[in-house]
Amino acid sequence: MKENQRHEPTEDYFHLEDLAMKTAAQYFGEELLYYLGVEQKAVAIVPTESVHLEARKMFQDFNYELEDGTWLHLEFESDPIQIADLKRFREYEAATSRTYQVPVITCVICTARVGQIRSELTEGLNTYRVKTVHLKEEDADVIFDGLYEKIGKRETLKKEDLLPMLLSPLMGGTMPNKERIRESIVILSKPGAEVDKEELIKMQAVLYALANKLLDDMDLQEIKEVMAMTRLGQMLMEDGIEKGMERGVEQGLDRVNTLNAKLAESGRTEDIIRASKDKQYQQLLFEEFGI
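Just so you know, the sequence shown maps onto residues 49 to 339 in our numbering.
Keep in mind that the hints were calculated from the coordinates and are not lab data. Keep in mind the model is a prediction, meaning the values are calculated, not measured. Note that CB positions come from ideal geometry on N, CA and C, so glycine has one too. Warning: the hint list may mix true and false statements.
To be verified - Straight line, CA to CA, 27 Å or less: simulated DSSO-like cross-link-like pairs of lysine-lysine:
(1) Lys245 to Lys272
(2) Lys184 to Lys206
(3) Lys250 to Lys198
(4) Lys207 to Lys272
What the hints assert, rightly or not - Per label pair, the in silico range of CB-to-CB distance:
(5) Ala142 to Ser314: 20 to 30 Å
(6) Gln331 to Gln149: 21 to 31 Å
(7) Pro128 to Gly85: 43 to 53 Å
Model the full structure from these sequences, guided by the hints.
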């Protein structure tokens with residue numbers, strides 16, 4: 049819900065927020081998992097598409113292979129979790145586990161403003177559960193206080209310091225969302241932020257996407273003016289952030305998912321796993337299938 053004007057959220061807005069969260073997951077996987085309380089490290093990003101015997105295709109938000117071989121399936125939900133969602137997650141887990149012969153755990157990142165989050169479903173003899181993380185329970189004010197303290201001491205801001213800041217517009221706290229996003233952009237522009245050019249652009253993309261989701265038109269225009277001074281500004285002026293993110297994230301994911309589907313249909317499961325870890329081999333497979 050926007051802060052100054054109360055509009056009904058649209059499906060496009062929800063998709064934009066989900067895309068921002070996926071961008072964060074893709075580029076800051078290890079830091080995100082740690083921040084979400086996952087003790088094991090991610091060793092690879094693995095397929096997000098399951099192919100069923102009925103020739104249906106199902107796309108999951110994000111999968112990581114953990115150190116013990118378990119796959120962690122991340123889902124990003126802008127709406128309250130419904131029974132239908134739990135059934136969908138359960139089906140994802142079963143299909144993925146059967147296709148790739150791996151154990152799967154689902155973690156749902158919930159950004160809805162709700163008091164109670166549904167996390168389990170009992171049908172027949174079985175109870176299905178997911179791990180839930182409710183970002184509204186986090187306090188963005190505390191996040192920024194810690195960053196300001198480090199900046200005051202001239203300490204370097206690392207990726208693990210900056211990731212909670214990127215997610216701050218989805219958290220609780222008293223600081224208005226416009227200020228959270230504005231301050232995040234300013235902090236990223238400071239020389240103490242230890243990130244390379246590509247990481248910086250992706251971080252700015254996350255903030256801009258959340259601004260589109262959460263701010264009214266007047267506040268969004270102010271953020272655009274601040275963003276125009278960043279590395280991402282030229283992209284915004286030429287093509288718009290949505291197209292830029294599609295080029296950098298969605299098109300890449302679609303290409304990988306298409307490859308995974310073709311390999312799965314050919315029974316080449318080992319090639320799927322190898323390609324997720326070996327980019328040169330993945331490129332050879334792209335050429336083999338003409339993708």
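Taking the hints in turn, this is what the structure says about them:
1. Lys245 to Lys272: holds, 20 Å
2. Lys184 to Lys206: Measuring from Cα to Cα gives roughly 24 Å; hence the hint holds.
3. Lys250 to Lys198: Satisfied, since the Cα-Cα distance of roughly 23 Å is no more than 27 Å.
4. Lys207 to Lys272: holds, 24 Å
5. Ala142 to Ser314: 20 to 30 Å: holds, 22 Å
6. Gln331 to Gln149: 21 to 31 Å: About 26 Å separates the Cβ atoms of Gln331 and Gln149, which means 21 to 31 Å holds.
7. Pro128 to Gly85: 43 to 53 Å: violated, 21 Å
Hint violations for this structure: number 7 only, all remaining hints satisfied.
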